[in-house]
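Model the full assembly from the supplied sequences, consistent with the hints where possible.
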Amino acid sequence: MALLVPWIYPSLFLFSHLLFRAFQPCESLRNYLENEVTLLDSMSALGDLGWEAYPAEGWEEISVMDERNIPMRTYQVCNVMEANQNNWLRTRHIAREGAQRVYIEIKFTLRDCNSLPGVPGTCKETFNMFYYESNNANQWHIKESNYVKIDTIAADESFTQVDVGDRVMKLNTEVRDISNLSKKGFYLAFQDLGACIALVSVRVFYKKCPLTVLNLAQFPDTVTGGDSALVEVRGVCVNASEEFEAPRMYCSADGGWLVPIGRCVCQPGYEEQMDMCQPCKPGSYKASATDTYCTKCPPHSSSHLERASECLCEKGFHRAESDQRSTPCTRPPSAPESPISTVNETCVTLEWSSPRDSGGRGDITYNIHCRKCSGDNKKCMPCGSGVHFVPRQFGLSATMVMITDLQPHSNYSLTIESLNGVSDLSPSPRAAVVVNVTTSQTVSVVLKERRSKDSITLAWQGPDRSNGVTVEYEVTYYEKNQREQNYTVLKTRSNVMTVDGLKPGTTYVFHVRARTPGGHGTYGGTIELETSHEDMLAIGDPNQSTILAVSIAGGILLLIFLVTCFVVSGRHCGYIKAKQDPDEEKMQFQHGRVKLPGSKTYIDPHTYEDPNKAVRDFAKEIDASTIRIERVIGAGEFGEVCSGRLRLQGKREIYVAIKSLKAGYSDKQRRDFLSEASIMGQFDHPNIIRLEGVVTRCKPVMIITEFMENGSLDTFLKKHDGQFTVIQLVGMLRGIASGMKYLSDMGYVHRDLAARNILVNSNLVCKVSDFGLSRVLEDDPEAAYTTRGGKIPIRWTSPEAIAYRKFTSASDVWSYGIVMWEVVSYGERPYWEMSNQDVIKAIDEGYRLPAPMDCPVVLHQLMLDCWENGRGERPKFDQIVTTLDELIRNPAKLQELANSSICREDPTTPEFTVSTVEEWLEAIKMGQYQENFSSAGYVTLDSVLYISISELVRMNVTLAGHQKKILSSVQGLLSQGAHVQV
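Under mature numbering (1 follows the signal peptide of the UniProt record, and there is no 0), residues -28 to -1, 1 to 954 are what the sequence shown spells out, in order.
A few of these clues could be false.
Listed below are the simulated DMTMM-like cross-link pairs for lysine to aspartate or glutamate, each with C-alpha atoms no more than 25 Å apart in a straight line [what the hints assert, rightly or not]:
#: 1; residue 1: K634; residue 2: E602
#: 2; residue 1: K287; residue 2: D396
#: 3; residue 1: K936; residue 2: E891
#: 4; residue 1: K623; residue 2: D595
#: 5; residue 1: K425; residue 2: D472
#: 6; residue 1: K585; residue 2: D639
#: 7; residue 1: K253; residue 2: E282
#: 8; residue 1: K936; residue 2: D826
#: 9; residue 1: K121; residue 2: D149
#: 10; residue 1: K155; residue 2: D193
#: 11; residue 1: K848; residue 2: D576
#: 12; residue 1: K96; residue 2: E77
#: 13; residue 1: K623; residue 2: E602
#: 14; residue 1: K585; residue 2: D656
#: 15; residue 1: K115; residue 2: D128
#: 16; residue 1: K634; residue 2: E323
#: 17; residue 1: K96; residue 2: D149
#: 18; residue 1: K848; residue 2: D816
#: 19; residue 1: K253; residue 2: E286
#: 20; residue 1: K452; residue 2: D589
#: 21; residue 1: K156; residue 2: E8
#: 22; residue 1: K691; residue 2: E681
#: 23; residue 1: K778; residue 2: E840
Derived by calculation from the structure, the hints in this document are not laboratory data.
This is how it looks when you write it as structure tokens:
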């Protein structure tokens, strides 16, 4: 052993010294790694390490100086000449500082046994490393058996004596870890069993996740967990921030942060910049913590200080409590403009225009204040609870209100007040406009009269409280046996009038009403007076007697003729009915009413001498105060269509649709408007729109019907293109057919059956509506019908109705076939963009609409049956209902489609061949888009093979069904490319 020391140990010392120059800078860098905390570093010890070696002649501490005179201490052992070596080196007690897992990094050199001549076979090239946990810092003498082995350490690089001389020896570095530590500290021990080894450096450290800021949350230094476990850490929001979602991250075993969850956000008045919350600058604000950045103040507001969470409104402007802080400040509206009052007896209708200045808001409403004034308008008092407002007095959204139950012939001051969401915040009075009106008074019945052969003198009682303001009286009269519209109107300021120029022996009907500055009053009842017979034929004159006898005989013959006509035709005077077609079922007539056997009777309201009586017979009068109008949903020829609620006494409140007759109407317009109610009032069927009643006793005149939530069928289908099953569509068609069967059984011909005149409720129940069609066919170039709602294209009308004006239930069946096509095609326009003249010509030549996309064969066949040229060959509505019921019970019959693809898969059928874009579009019944394709540059078949939906939309092909059909056909072209002549 003594002989070996000179050439073995010096080599270890020299090697340690030579390594230090290259090793020290790397060690210094490692000590400063952010995620590592060093517990022990033998290289940085200033004095003796104080480790214990056992036995004493085993491990030896060696100290050398580096080039900067910094001591470097190592332990080495090289007792290779003696067998059975068991040399232990124990460190001091190492406090773990809360770490559950620590790492041991050792740097060492090891001599190759083969480079040692004469060394016995017990020479080793490995050593063992152990640890022992202890709460006692002075527990040095520990039994060997108490230590836990960490690992056996072997050198990746060993050296020889030659290496030392050439200074090319390499340092070995090994790192091991200890997990799940629980006591205050531990000891490390190194066991040598016969190797020549030098421990250059021993460093014990643990890893941590360093302090960091992420998502405005600060996460502290965190010691890693044991056994590679992740440690969950809760972050703390940085300055001026708050939790949006609890910020969390996981500290991994290697000291890295993983899986950030949640975040903090800057408080109102602050925005995020460089991982910090900075205050908003003057002139900007941030209202919510969830907003990202400060924004410029809204119009009419400002902020003068930093950290503003909202901008204050300028003087005269306000922000409502319900307004968001990001909305501009607004002000109350100006006064309503252009008020118009219409007085009808004790009912006043007010209409006005919206304020010129809305104050920057869209929530304008109106309040009505009513005050009753004295004759000189100097003293006014509130109207009281006896006056009613329709739809309401306060919070009106529409620019119209009807005021009822006013006192007759009285002065009223009506104030229309406009307000919006900030009116209550303004100290200024609300802007308003005042309308002064005077109600009218009904004239009493005629008190006396005087008659002559050609004149009648009337006298009547004027209004009870005229106060001297009656302007004039209006006397209306007409012959009793003439229609009411042939009347004459006379005016006078006196309450006595003589009407001259009348026919002798003729009965006249008189009405009298007063007119004041407030408008016209009601007529004071109907008076029938007959002129005298003084100058009529003398009975004693023989010539005159002859004439009288002939006249009487002629009258008798005429009476016999009329009775005969009544018996033969089943009609009495006053009933007007178009000539019956011999193909129609024979009808019975009872009391002037047309009736099919076993069915309810429909009565044409135009046969009434007094159309108002028809309304009274078939429509229920509704008190206007029970109606609450909520919003405008459309407009018709006669006025607006609104939705609202109806609450009749003893019944629950229901939603209704309200058609109103606009102001300034004529008597004829009023009759025409109410004729639809006279028709609807006769129907009672679940697939016919239900009439709730009418308002005729005050203005505006209204028709009230049930409310259909989904509107017209054509619009509803376009909105939900492709969203219904075939059975659902058949169910809709069945409902329409059932309603038409009911009308047909009553003898009513609709004449305007189309999807636009079918209404749909929330349960998809379809109901037939629009019974106000004028039956006159114009001779215009487009051959279109004129209706009260506008012109209806002839594409819904049967050929005989176009050519001969023959409207029957059979012509309604033709129209029903078109409705079927509309439903299955989801509201597509029949005959597309063809002109009406082209449609007439095509139908006359036998053309019929093709089956829509995905249309079952049986449905298209039913359409074709409805479009038979001969009326007698078309099915009746009861047959249509039966057919649809059968399809609903057996849906398998709907599976076969009329046009599944242009590609035919049957090998026995000749392949479909097209050579141009025009031929292809015609083949798939999309010829209406030829110009669209040509304008977009698609002129050859190869150019359309890869067309997309977005391109179709750009070409104005917007219907989903058409897009689907075209794209499906393109796939067919691709699949049978060999048969397409490109």
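To see whether the hints hold, each was checked on the structure:
no., hint, verdict
1, K634 to E602, "holds, 17 Å"
2, K287 to D396, "holds, 15 Å"
3, K936 to E891, "holds, 19 Å"
4, K623 to D595, "holds, 14 Å"
5, K425 to D472, "holds, 10 Å"
6, K585 to D639, "holds, 14 Å"
7, K253 to E282, "holds, 12 Å"
8, K936 to D826, "holds, 10 Å"
9, K121 to D149, "holds, 11 Å"
10, K155 to D193, "holds, 21 Å"
11, K848 to D576, "holds, 23 Å"
12, K96 to E77, "holds, 21 Å"
13, K623 to E602, "holds, 20 Å"
14, K585 to D656, "holds, 20 Å"
15, K115 to D128, "violated, 31 Å"
16, K634 to E323, "holds, 11 Å"
17, K96 to D149, "holds, 24 Å"
18, K848 to D816, "holds, 22 Å"
19, K253 to E286, "holds, 19 Å"
20, K452 to D589, "holds, 22 Å"
21, K156 to E8, "holds, 19 Å"
22, K691 to E681, "holds, 14 Å"
23, K778 to E840, "holds, 15 Å"
Violated hint for the displayed structure: number 15, the only one.
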